[in-house]
Structures are given as C-alpha cells and as structure tokens.
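Asks: Protein sequence lines, in the order shown, are assigned to chains A and B.
For the first sequence, the working numbering assigns the number 161 to the initial residue and increments by one for each residue that follows.
For the second sequence, the working numbering assigns the number 55 to the initial residue and increments by one for each residue that follows.
Heads up, some of the hints might be wrong.
Below, computed lysine to any residue pairings styled on SDA-like, alpha-carbon distance capped at 25 Å [to be verified]:
1) B:K155 x B:K283
2) B:K143 x A:E298
3) A:K285 x B:K283
4) A:K223 x B:K249
5) B:K249 x A:E298
Using C-beta positions, here's what the derived DEER-type ranges look like [what the hints assert, rightly or not]:
6) B:G244 x A:M169: 47 to 57 Å
7) B:P115 x A:R263: 44 to 54 Å
8) A:K264 x B:R94: 27 to 37 Å
Calculated from the structure, these hints are not laboratory results.
Think of the CB as a built atom: it goes at the ideal place given N, C-alpha and C, for glycine as much as any other residue.
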Amino acid sequence: MLNIIFGDMENAVYHPPTYFDNQYEDEWITDPLSVEMIKDIDKSDVIGAHLIESPVLGSISIKEISGGVKTLILMAFDESGRIFNASACGDNCAKWIAEISKRKDLTINLHHVMDFSAVPDFYAKLLNTGTVVHSYEEYLNEALRIKER
Amino acid sequence: MKGKYHIVVQNNRLRYELDIRRNITIIRGDSATGKTTLLRLLEQADALGEGSGVDVVCERPCRTLGGADWRIVLPSLHEQILFIDEENKFLKSQEFAEAVKNSSNYFVIVTREDLPNLPYSVDEIYGIHTSGKYHDLKRTYNELYRIYSAESISKKQIPEHIIVEDSNAGYEFFKSVCDENNIRCSSAGGKSNIKTVLGETDKETVLVVADGAAFGSEMNEIYQLMCHKPNIKCYLPESFEWLLLKSGLIDGKTVQDILSHSEDFIESQEYFSWERFFTALLTEYTKASYLKYSKSKLNKAYLQEKNKQAILDAMEGIVWRTLPPLVKSCRPLSNPPSI
Numbered sequence: 161m162l163n164i165i166f167g168d169m170e171n172a173v174y175h176p177p178t179y180f181d182n183q184y185e186d187e188w189i190t191d192p193l194s195v196e197m198i199k200d201i202d203k204s205d206v207i208g209a210h211l212i213e214s215p216v217l218g219s220i221s222i223k224e225i226s227g228g229v230k231t232l233i234l235m236a237f238d239e240s241g242r243i244f245n246a247s248a249c250g251d252n253c254a255k256w257i258a259e260i261s262k263r264k265d266l267t268i269n270l271h272h273v274m275d276f277s278a279v280p281d282f283y284a285k286l287l288n289t290g291t292v293v294h295s296y297e298e299y300l301n302e303a304l305r306i307k308e309r
Numbered sequence: 055m056k057g058k059y060h061i062v063v064q065n066n067r068l069r070y071e072l073d074i075r076r077n078i079t080i081i082r083g084d085s086a087t088g089k090t091t092l093l094r095l096l097e098q099a100d101a102l103g104e105g106s107g108v109d110v111v112c113e114r115p116c117r118t119l120g121g122a123d124w125r126i127v128l129p130s131l132h133e134q135i136l137f138i139d140e141e142n143k144f145l146k147s148q149e150f151a152e153a154v155k156n157s158s159n160y161f162v163i164v165t166r167e168d169l170p171n172l173p174y175s176v177d178e179i180y181g182i183h184t185s186g187k188y189h190d191l192k193r194t195y196n197e198l199y200r201i202y203s204a205e206s207i208s209k210k211q212i213p214e215h216i217i218v219e220d221s222n223a224g225y226e227f228f229k230s231v232c233d234e235n236n237i238r239c240s241s242a243g244g245k246s247n248i249k250t251v252l253g254e255t256d257k258e259t260v261l262v263v264a265d266g267a268a269f270g271s272e273m274n275e276i277y278q279l280m281c282h283k284p285n286i287k288c289y290l291p292e293s294f295e296w297l298l299l300k301s302g303l304i305d306g307k308t309v310q311d312i313l314s315h316s317e318d319f320i321e322s323q324e325y326f327s328w329e330r331f332f333t334a335l336l337t338e339y340t341k342a343s344y345l346k347y348s349k350s351k352l353n354k355a356y357l358q359e360k361n362k363q364a365i366l367d368a369m370e371g372i373v374w375r376t377l378p379p380l381v382k383s384c385r386p387l388s389n390p391p392s393i
C-alpha cells in the first residue's frame with residue numbers, strides 16, 4: 161500500500177541522495193530489484209556492490225548513480241523508519257514507487273504533485289486528508305485540493 | 055543584470071550547452087538526465103578553476119550557491135549566474151524569494167517543487183536531454199529543452215468558458231469580448247486560484263488566460279490537468295500588457311523592437327518578473343495619449359472596435375470571429391521565440 165503525505169513533516173528526509181551516500185548497505189545495490197531499477201532509470205549496469213558501468217560516465221562509484229534511483233533504493237530497503245522525499249524522483253520513477261509499495265507498506269513525502277499517470281491501476285492513500293484514491297484521476301483531483309506542498 | 059547568456063560546461067566525457075535569458079530559470083524533469091552532474095562540474099570548476107579539468111565558457115561568472123551560508127555569500131555576488139541544487143530547502147522560503155528579488159544575479163534552480171514565491175516564466179522551465187555524441191564521439195552532448203512547448207499542449211478547440219487570471223483590466227477586456235460572443239467568462243482572482251476554478255468546471259471547453267511571465271509555479275499541476283482533461287487549454291502571453299503592446303496600437307517600431315528581444319532591456323534587479331516591466335512600459339508609452347493605461351481599470355478606448363480587433367489579432371493562434379464559431383483554434387503559448 162502506498163501512503164502519500166504532501167508538505168513538510170517530521171521524520172522526513174528532505175534530500176534522500178545525501179542520506180543514501182552516508183547510509184547505504186552493499187547488499188542493497190546487488191539486490192535484483194536495485195539492479196533492475198538502476199538499469200531502467202540510469203541505463204547502467206551493476207558490476208558489483210562497489211562498481212556501476214554507465215554508458216555516459218564509464219565506470220562509476222555507487223555514489224554517482226542518479227538521485228532518483230538512490231531514493232528508490234532507500235524506499236525499498238531502508239529500515240530506519242524514515243520517510244523519504246519523493247520529489248527527489250523524476251516521473252520516470254513513479255512506476256517503481258508503485259512497484260515497491262506492492263512489496264511493502266510504503267509512505268512517501270511529496271513537495272509537488274508527482275505524475276503517476278503512467279502507473280496502471282494506481283492506488284494510494286493521501287494521509288493529509290485520509291482519502292484513498294483508486295486511480296490517477298482521483299489522485300490528481302484530491303492532490304490539487306490539498307494546500308500543503 | 056540583463057541580457058541572454060550562452061553557457062558551455064564540459065569535461066572529457068560530457069558537454070552541456072545552455073542559454074539563460076531571465077533572472078529565474080528552472081531545470082527539472084526525469085531522473086538520470088544529468089542535472090546533478092552539471093552542478094557538480096560547475097562546483098568543481100568554481101573551486102579549482104582550470105585545474106579541475108572542467109571548462110566553463112560564459113560572458114558572466116557561473117558558480118553554485120547552496121548550504122547554510124547562502125545568505126552570507128549571496129550579498130557579495132553581483133552579475134553572476136548562480137546554480138542551485140534541489141537539496142537546498144531554503145529555495146521555498148520567502149527569505150530566498152526576497153533575496154532573488156533584490157539581486158543583480160541570474161538564478162538557475164534545479165527543482166521539481168513549484169516554488170510559488172518566485173515569479174518564473176512557463177518559457178523558462180527546462181529539462182535536459184542528450185542530443186548525441188560530440189565531434190570526437192567520446193563526449194556526450196546535453197542541451198536544455200522547454201518542457202512546456204506550445205505544441206505539447208496545443209489543440210484546436212472552441213472555448214465555451216474563458217477563465218482569466220486577472221480581476222482588473224485584463225478581465226474587463228475579455229469579459230467584454232466574451233459577452234459579445236456568448237462565451238462565459240470568469241475571473242480566477244489570482245493565478246493560484248485557477249486550479250480551484252477549473253475543478254468546478256465540468257465537461258465544457260475551457261480556455262485559461264494567464265500571465266505566462268509569472269505562471270511557472272502553477273504549470274506542473276495545470277499541465278497534468280490539461281493532459282487528463284482535453285477540454286482544458288491555456289493561452290499564456292507574457293502578460294495582458296504585453297498583449298496590448300504587441301497589438302501595434304502603441305508606437306510601433308520601438309515597442310516591437312523591445313518585445314522582440316526583451317531580455318536586453320529588462321534589468322533583473324528592477325523587475326522581479328517581466329510582466330512588471332511590460333506594465334511599466336505600457337504605462338509610460340500611453341501616459342499622454344487617449345490609450346492611457348491603468349491596470350486597475352480598463353480604459354474604454356481599448357474596447358473601441360478597431361483597437362479591440364487589433365488586440366485580438368495579436369493573440370497568435372486564436373482566431374476571433376464576429377459570427378460563430380468565435381474561436382477556431384488556440385495555441386497556449388503565444389510567445390514561443392524558438393522551440
């Protein structure tokens with residue numbers, strides 16, 4: 161289940177890429193889900209826990225993967241109880257947020273109205289109002305009524 | 055600062071080219087397009103100069119701004135192009151907006167947040183895309199593209215309802231035109247209310263008329279609505295005053311020259327957004343004529359048939375007719391200089 165909170169909140173990490181650089185675990189990187197997300201978003205291959213092969217940058221460290229993928233990996237694997245700002249993710253990450261929320265209860269923080277239109281059967285709870293939305297259309301209409309960003 | 059600046063940032067593997075022409079430029083878009091890498095290159099070049107291995111070519115100094123000491127550093131910077139990454143939470147603060155307003159610098163901000171405190175243009179919201187390899191086939195060439203291009207949100211449609219951002223002179227003008235042609239017209243009473251007014255519409259064909267020069271903060275949400283509801287369209291000239299100036303009613307040549315490359319005339323420290331410049335320009339050029347302009351109340355001279363038609367003709371892409379169907383087509387962005 162995906163829970164979304166718009167606006168400032170306690171216990172949220174505003175810039176997840178920085179948190180990732182200081183807290184990631186090697187096993188997160190080689191997990192099949194991370195490998196697939198890095199391939200899809202960054203077009204890069206995971207060579208090992210310490211090395212990524214990028215078609216643009218060549219061989220790079222884990223800290224050089226995109227901020228969007230770093231945030232997705234935190235959403236999937238971090239167990240600190242922190243909530244991550246999904247506004248660090250582009251719309252090309254939306255389907256992966258939905259995918260992670262199918263595997264675990266996931267709460268994300270948003271400071272803009274993210275475009276989930278590419279996610280089939282989108283389903284989420286907007287915690288600002290407690291409303292459960294069953295489609296992107298319902299999400300958009302409800303999100304635009306919420307003042308917090 | 056005024057003017058348009060071409061910026062090249064490159065190292066052995068990457069080359070970025072950007073044109074910056076207003077005080078506020080926003081870069082957003084998908085993850086992994088190179089936004090953070092661009093800022094990292096600029097930061098390295100600023101810290102280490104030529105020894106960084108990064109070339110930055112621009113008429114003005116380019117550097118990054120960020121961290122807790124931004125408010126100490128910013129007052130010492132003048133006539134520079136400052137790049138700010140999304141990690142800086144101060145971007146959404148009123149304090150930062152005030153600092154931008156009083157600054158002689160241009161700001162290039164990487165963020166997906168709407169930043170309603172900053173009056174940035176829909177024309178200055180960009181993404182980065184890779185357009186191929188550079189000459190040596192080793193370096194990847196990246197450039198900016200406008201996220202909200204005219205073509206991406208334009209389809210011909212006849213409006214049944216026009217929603218005007220303005221509640222003053224602009225609204226009076228469109229209300230008069232709509233009344234003559236049996237079109238419903240309402241004022242949103244400000245740009246942030248447009249979403250609410252749109253939410254109250256049903257399936258009627260709606261045209262939103264707003265000041266594109268400061269409408270950037272609304273565009274992500276309005277654009278999603280437009281994609282989802284094809285009955286909603288936008289017409290976004292720089293401002294209503296820009297439209298009056300463009301109509302040719304006022305001193306043709308000088309004004310048209312200013313409009314054709316406004317960035318060379320608009321001092322960023324004096325005008326927080328371009329709409330304020332166009333209001334000042336129109337007020338100045340009409341103060342001694344029968345077209346004397348007041349933003350608070352429309353001078354009825356603008357509703358005289360010949361003048362009104364000149365203004366409507368200036369709305370590129372919208373064909374107004376005296377007999378129905380009134381509107382044959384609409385293009386949402388009236389001033390796309392180069393898409």
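Asks: Taking the earlier hints as the rules, which of them does this structure contradict?
Replies: As far as the earlier hints go, 1, 2, 4, 6 are violated by this structure, in ascending order.
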